[in-house]
Amino acid sequence: MQVAGGRWQVAGGRSDKARYLRYFRIFVGIDRFKTRQMRYLLKIRRKEAKIRD
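Just so we're aligned, residue -11 is where the sequence shown starts under my numbering, counting upward by one.
Some hints here could point you the wrong way.
In silico DSBU-like pairs for lysine-lysine, Cα to Cα no more than 35 Å straight-line [unchecked claim]:
#1 K22 - K5
#2 K22 - K38
#3 K22 - K35
Here are the computed distance ranges between Cβ atoms for each label pair [what the hints assert, rightly or not]:
#4 S3 - K38: 51 to 57 Å
#5 E36 - K5: 29 to 35 Å
#6 K38 - D4: 50 to 56 Å
#7 L29 - D4: 36 to 42 Å
#8 R33 - R13: 26 to 32 Å
#9 V16 - R40: 33 to 39 Å
#10 S3 - K31: 41 to 47 Å
No wet-lab data here; the hints were simulated from the structure.
All residues carry an ideal CB built from backbone N, CA and C; glycine is no exception.
Please put together the full structure from these sequences, using the hints given.
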């Protein structure tokens, strides 16, 4: 899997491109999930800090 400057280098035909798109979507989904988790944890930490003060 190679991503160069936002352009995809897809060797072969449509099947490869479809496979690449599937992987890409999975990775994007994981990234979004991680960021959501981080935000949630930060919120909880802020609440705890407020309670401590």
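Evaluated hints:
1. K22 - K5: This hinted pair holds, its Cα atoms lying about 26 Å apart.
2. K22 - K38: Holds, at roughly 24 Å.
3. K22 - K35: 20 Å, holds
4. S3 - K38: 51 to 57 Å: 53 Å, holds
5. E36 - K5: 29 to 35 Å: Given range 29 to 35 Å: violated, Cβ gap about 47 Å.
6. K38 - D4: 50 to 56 Å: Hint holds: Cβ distance 51 Å, inside 50 to 56 Å.
7. L29 - D4: 36 to 42 Å: 38 Å, holds
8. R33 - R13: 26 to 32 Å: With Cβ atoms ~31 Å apart, the hint holds.
9. V16 - R40: 33 to 39 Å: 37 Å, holds
10. S3 - K31: 41 to 47 Å: 43 Å, holds
Hint violations for this structure: number 5 only, all remaining hints satisfied.
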